[in-house]
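*Asks:* All chains should be modelled from the sequences, with the hints used to inform the complete structure.
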Amino acid sequence: MSDVADRVKKIVVEHLGVEEDKVTENASFIDDLGADSLDTVELVMAFEEEFGIEIPDDAAETIQTFGDAVKFITEAS
Amino acid sequence: MFDLMGKTALITGASGGIGGAIAKALHGAGATVALSGTREAPLQELAAELGERTFVLPCNLSDAAEVEALPKRAAEAMGSVDILVNNAGITRDNLFMRMSDDEWQSVLDVNLTAAMKLSKGVMRGMMKARWGRIVNISSIVGATGNPGQANYAAAKAGLIGMSKSLAYEVASRGITVNAVAPGFIATPMTDKLTDDQKAKIDAQIPAGRMGQPEEIAAAVLYLASPEAGYVTGATLHVNGGMAML
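Residue numbers (numbering that gives the first Met the number 0), protein chains in the order written: chain A, 0 to 76; chain B, 0 to 244.
Check each hint, because a few of them may be wrong.
Claimed, not checked - Pairs of lysine-lysine residues, derived as DSSO-like cross-links and limited to a Cα-Cα distance of at most 30 Å, are as follows:
1. Lys-191(B) to Lys-163(B)
2. Lys-21(A) to Lys-9(A)
3. Lys-23(B) to Lys-119(B)
4. Lys-21(A) to Lys-127(B)
5. Lys-8(A) to Lys-21(A)
6. Lys-8(A) to Lys-127(B)
7. Lys-23(B) to Lys-197(B)
8. Lys-197(B) to Lys-127(B)
9. Lys-116(B) to Lys-127(B)
10. Lys-9(A) to Lys-23(B)
11. Lys-23(B) to Lys-163(B)
12. Lys-127(B) to Lys-23(B)
13. Lys-9(A) to Lys-127(B)
14. Lys-127(B) to Lys-70(A)
15. Lys-70(A) to Lys-8(A)
16. Lys-9(A) to Lys-119(B)
17. Lys-127(B) to Lys-191(B)
18. Lys-197(B) to Lys-71(B)
19. Lys-127(B) to Lys-199(B)
20. Lys-191(B) to Lys-23(B)
21. Lys-8(A) to Lys-119(B)
22. Lys-119(B) to Lys-70(A)
23. Lys-163(B) to Lys-197(B)
24. Lys-70(A) to Lys-9(A)
Unchecked claim - Sample of chain B residues lacking proximity to chain A, with all beta carbon distances greater than 12 Å (derived):
25. Ala-64
26. Arg-123
27. Lys-127
28. Glu-168
29. Val-169
30. Lys-197
31. Pro-212
What the hints assert, rightly or not - Okay, the calculated beta carbon distance ranges per label pair:
32. Ala-47(B) to Gln-63(A): 47 to 55 Å
33. Arg-208(B) to Thr-61(A): 53 to 61 Å
34. Asp-57(A) to Val-230(B): 31 to 39 Å
35. Asp-57(A) to Gly-207(B): 50 to 58 Å
36. Ala-47(B) to Thr-73(A): 48 to 56 Å
37. Glu-47(A) to Arg-52(B): 26 to 34 Å
38. Ser-171(B) to Lys-70(A): 48 to 56 Å
39. Glu-13(A) to Glu-48(B): 44 to 52 Å
40. Ser-76(A) to Met-96(B): 51 to 59 Å
Hints were generated in silico from the structure; no laboratory data involved. All C-beta atoms in this analysis are idealised placements derived from N, C-alpha and C, irrespective of residue type, glycine included.
*Replies:* Right under this line is the structure:
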């Protein structure tokens with residue numbers, strides 16, 4: 000697993016309080032990991048800070064799963 | 000009670016009568032305050048009076064770029080913004096039939112849109128801190144309406160709707176959003192009324208007098224305090240009984 004994926008996973012586990020093995024490629028933050036819509040906003044904020052990038056609102060809306068997040072951040076950073 | 004030591008507060012319209020009283024009250028409870036307003040001289044005067052834990056951040060809220068920049072400037076100056084008081088407001092009174100688009104828009108921009116942008120700008124820090132207070136200064140007019148003030152009443156009612164919606168969204172993060180709705184308050188603006196006009200106004204107020212800016216500030220201080228942590232989405236009417244809502 001890439002360094003980006005590890006760091007993203009760490010943030011997701013800490014923020015949502017889920018088991019690490021639940022955070023799989025296709026795991027949806029809302030449907031599978033118990034996030035509410037505000038949690039997803041906070042996750043995006045945390046990704047921005049961890050990776051020093053800016054994630055615009057329209058892009059943030061497309062980040063639904065762990066895999067989406069890793070893909071977006073890998074491309075952006 | 001109402002200890003704001005270590006908290007930071009951004010107050011817009013701090014050059015006015017009510018805004019100045021709010022700044023004094025929060026500062027008096029121990030908060031570090033950022034005083035914002037269009038006129039720098041009265042802000043500097045107030046800052047000199049308050050002494051330490053005070054920053055002056057002039058800002059024209061009708062300028063969108065300045066509005067966007069203000070939360071960042073405040074956070075840079077104070078380290079954070081724990082409390083935001085959206086107090087700034089303008090009037091452009093006119094009969095509805097004669098009200099221009101510009102009179103409508105300029106009041107909505109400053110009284111409502113700027114409050115939205117500033118609230119958005121401070122929200123990230125509050126969410127991370129799991130603590131925040133937003134107090135929007137509405138008006139009795141937002142609830143009752145007032146001839147000649149369709150724009151102002153719309154903006155002030157809008158603030159209440161915005162406060163309630165935002166209160167829902169961020170309550171789980173330890174952030175409260177409330178409104179204070181002043182009635183007639185004795186400020187330089189109402190000083191210009193004639194004694195006859197004042198007497199007529201007083202007659203409509205069960206308390207028999209206009210309110211003092213400090214009486215609005217006390218309501219804001221309460222809503223900004225840790226003690227008011229369970230109060231959110233509320234509108235606190237401070238109007239001497241003029242409208243019992």
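*Asks:* Now tell me if each hint is right for this structure.
*Replies:* Structure-based check of each hint:
1. The straight-line distance between the Cα atoms of Lys-191(B) and Lys-163(B) is roughly 34 Å, outside the 30 Å bound, and the hint therefore fails.
2. Taking the CA atoms of Lys-21(A) and Lys-9(A), the gap is about 12 Å. The hint holds against a cut of 30 Å.
3. In summary, the hint linking Lys-23(B) to Lys-119(B) is supported, as the alpha carbons are separated by about 25 Å, within the 30 Å threshold.
4. Between the alpha carbons of Lys-21(A) and Lys-127(B) the distance comes to roughly 25 Å, so the proposed pair stays at or under 30 Å and holds.
5. With a CA separation close to 10 Å, the supplied pair Lys-8(A) and Lys-21(A) stays within the 30 Å bound.
6. Taking the CA atoms of Lys-8(A) and Lys-127(B), the gap is near 19 Å; set against the 30 Å cutoff, the hint holds.
7. For the given pair, Lys-23(B) sits about 27 Å from Lys-197(B) by alpha-carbon distance, which is consistent with the 30 Å threshold.
8. Taking the CA atoms of Lys-197(B) and Lys-127(B), the gap is about 47 Å. The hint is violated against a cut of 30 Å.
9. Taking the CA atoms of Lys-116(B) and Lys-127(B), the gap is near 18 Å; set against the 30 Å cutoff, the hint holds.
10. Restraint check for Lys-9(A) and Lys-23(B): the C-alpha separation of about 44 Å exceeds 30 Å, so the hint is violated.
11. With a CA separation close to 27 Å, the supplied pair Lys-23(B) and Lys-163(B) stays within the 30 Å bound.
12. For the hint linking Lys-127(B) to Lys-23(B), the alpha-carbon distance of about 27 Å falls within 30 Å, and the restraint holds.
13. For the proposed pair Lys-9(A) and Lys-127(B), the alpha carbon gap of about 17 Å is at most 30 Å, so the pair holds.
14. At most 30 Å may separate the alpha-carbon atoms for a hinted pair to count; Lys-127(B) and Lys-70(A) meet this at roughly 25 Å.
15. A distance of roughly 13 Å separates the Cα atoms of Lys-70(A) and Lys-8(A); the hinted pair therefore holds under the 30 Å criterion.
16. Taking the CA atoms of Lys-9(A) and Lys-119(B), the gap is about 27 Å. The hint holds against a cut of 30 Å.
17. For the given pair, Lys-127(B) sits about 45 Å from Lys-191(B) by alpha-carbon distance, which is inconsistent with the 30 Å threshold.
18. The hinted pair formed by Lys-197(B) and Lys-71(B) fails the criterion: a straight-line CA distance of about 42 Å is larger than 30 Å.
19. Distance hint between Lys-127(B) and Lys-199(B) is unfulfilled; the C-alpha atoms sit about 49 Å from each other, more than 30 Å.
20. In summary, the hint linking Lys-191(B) to Lys-23(B) is supported, as the alpha carbons are separated by about 24 Å, within the 30 Å threshold.
21. Between Lys-8(A) and Lys-119(B) the CA atoms are separated by roughly 27 Å; this keeps the pair inside 30 Å, and the hint holds.
22. Restraint check for Lys-119(B) and Lys-70(A): the C-alpha separation of about 28 Å stays at or below 30 Å, so the hint holds.
23. A C-alpha spacing of about 34 Å is found between Lys-163(B) and Lys-197(B), which places the hinted pair above 30 Å, so the restraint is violated.
24. Only pairs whose Cα atoms come within 30 Å are accepted, and Lys-70(A) paired with Lys-9(A) is accepted, the gap being roughly 16 Å.
25. Listed as outside the interface, Ala-64(B) is consistent with that label: its C-beta sits roughly 18 Å from the nearest C-beta of chain A, beyond the 12 Å cut-off.
26. Look at Arg-123(B): its CB is around 6 Å from the nearest CB on chain A, not clear of 12 Å, so calling it non-interface is violated.
27. Distance check on Lys-127(B): its Cβ comes as close as 7 Å (rounded) to a Cβ of chain A, failing to clear the 12 Å threshold; non-interface status is violated.
28. A Cβ of chain A approaches the Cβ of Glu-168(B) within 12 Å, the least distance being about 6 Å, so the stated non-interface status is violated.
29. The claim that Val-169(B) is not at the interface with chain A is violated, since a C-beta of that chain comes within 12 Å of its own (minimum 7 Å).
30. The beta carbon of Lys-197(B) is kept farther than 12 Å from every beta carbon of chain A, the shortest such distance being approximately 48 Å.
31. Look at Pro-212(B): its CB is around 36 Å from the nearest CB on chain A, clear of 12 Å, so calling it non-interface holds up.
32. Distance hint for Ala-47(B) and Gln-63(A): a CB-CB separation of about 53 Å, consistent with the stated range 47 to 55 Å.
33. As the Cβ distance of Arg-208(B) to Thr-61(A) is approximately 58 Å, the hint placing it in 53 to 61 Å holds.
34. A beta carbon spacing of about 35 Å between Asp-57(A) and Val-230(B) agrees with the range 31 to 39 Å that was offered as a hint.
35. Hint check: Asp-57(A) to Gly-207(B), Cβ distance near 56 Å, so the stated range 50 to 58 Å holds.
36. Distance hint check: the CB atoms of Ala-47(B) and Thr-73(A) are about 53 Å apart, consistent with the given range 48 to 56 Å.
37. Evaluation of the 26 to 34 Å hint for Glu-47(A) and Arg-52(B) yields a pass: the beta carbon distance comes to about 31 Å.
38. At about 29 Å, the CB distance of Ser-171(B) to Lys-70(A) disagrees with the hint of 48 to 56 Å.
39. Checked against the given bound of 44 to 52 Å, the beta carbons of Glu-13(A) and Glu-48(B), roughly 45 Å apart, stay inside it.
40. Judged by the Cβ atoms, the range 51 to 59 Å given for Ser-76(A) and Met-96(B) holds: they are separated by roughly 57 Å.
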